[in-house]
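If you're matching them up, the sequences are chains A and B in order. Residue 51 in our numbering sits at position 51 of the first sequence; the count goes up by one each step and never skips. Residue 1190 in our numbering sits at position 190 of the second sequence; the count goes up by one each step and never skips.
These aren't lab readings, by the way, just hints derived from the structure by calculation. Warning: the hint list may mix true and false statements.
Unchecked claim - Pair ranges (Cβ atoms, derived):
{"no.": "1", "chain 1": "A", "residue 1": "Gly-36", "chain 2": "B", "residue 2": "Leu-1128", "range": "39 to 49 Å"}
{"no.": "2", "chain 1": "A", "residue 1": "Gly-36", "chain 2": "B", "residue 2": "Arg-1136", "range": "38 to 48 Å"}
{"no.": "3", "chain 1": "A", "residue 1": "Gly-36", "chain 2": "B", "residue 2": "Arg-1177", "range": "29 to 39 Å"}
{"no.": "4", "chain 1": "B", "residue 1": "Glu-1041", "chain 2": "A", "residue 2": "Gly-36", "range": "18 to 28 Å"}
{"no.": "5", "chain 1": "A", "residue 1": "Gly-36", "chain 2": "B", "residue 2": "Asp-1048", "range": "45 to 55 Å"}
Even glycine gets a Cβ: it sits at the ideal position worked out from N, Cα and C.
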Amino acid sequence: MSIGTTASDGLASHGSRDVALIDLVDRLLAGGVVLGGDITLAVADIDLVYVSLRALISSVPVTGAGR
Amino acid sequence: MIYLYAITGPLTEPPEEQGLAGAPLETVGVGSLTAVYSSHEQLELRPDVESAWAHEHAVEAVMSSQTVLPARFGTTFPGLDELRDALIPHADALERRLEELEGCVELAVRIDPLIPIDGQMADGRQYLMEKLFAQRRREALAESALACLMEFAVASRVAPTPSSGETVSISYLVQTREVRRFSRAVARLQTRWPEFALSCTGPWAPYSFVTDEPALSTSTEAEIA
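Make the full structure from the sequences, and use the hints.
Right, dumping it as structure tokens:
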């Protein structure tokens, strides 16, 4: 299987790179395989990521994110 | 310390991509699975933008040639033995999932209300009514989007993710050959619903589909049973 485009290329993206970052962080922190290793991020760290992301989201002109 | 990026099928050589802190990617085979990781004397993992993209780039490097199961961000092991020990009990489920996900990618759809509700509104009742109305419209759109986009998708999951707030966020598992048609369908939805901003990012590795839990799961735990 060969995939020509990827999320970081943003070729299939209708959103800005900031929107892609928010989508990525959602997936990194809530998705993915958990094997029972150590998840080194404390809950406080995760909250911190979202606080800084919210600041980012509010600075993104959402109207531009539609296309 | 071992930092795990992804699990994949047989892989002869590590992808030529850097992982966290610029460390080279390495691979270890466990049965027919391959774990993609990087080794670190010391790794102070910070949940910042650079680390997030470093993890993603490592995953994408594998994804460019084969089906991949991305690992949860921040998964570490003291050493290779511990990684192997953790992998072996899940090996069958992971192999099965890799087969099921072959040829598929994840697309992220986000629905944002364009007109924020005015918090300064004098009338509390009016504010609540507006908020309720906006919520209903958003739910109607989400339902319509779910139904219409499923035509091009294999599976979907609505994620009540911590970043969402007023946003509806839906993950779709889409066959690679359907990505363009899916993307065009999102554009059509946007035309039909101008009061919302729709975004569609990807293709991502199937972060939201690493287990075969039923769609619309409200669980944020992705632990392989």
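- [ ] Using the beta carbons of Glu-1041 (chain B) and Gly-36 (chain A), state whether their distance is inside 18 to 28 Å or not.
- [x] Given range 18 to 28 Å: holds, Cβ gap about 24 Å.
- [ ] Just tell me: holds or violated, for the beta carbon distance of Gly-36 (chain A) and Arg-1136 (chain B) against 38 to 48 Å?
- [x] 42 Å, holds
- [ ] With 39 to 49 Å as the target window, see if Gly-36 (chain A) and Leu-1128 (chain B) comply at their CB atoms.
- [x] Since the Cβ atoms of Gly-36 (chain A) and Leu-1128 (chain B) sit about 45 Å apart, the hinted range of 39 to 49 Å holds.
Task: Hint check for Asp-1048 (chain B) and Gly-36 (chain A) - Cβ pair distance inside 45 to 55 Å - done: 25 Å, violated
Task: Status of the given 29 to 39 Å range, CB of Arg-1177 (chain B) versus CB of Gly-36 (chain A) - done: 35 Å, holds
The structure does not agree with numbered hint 5 stated previously, though it agrees with all others.
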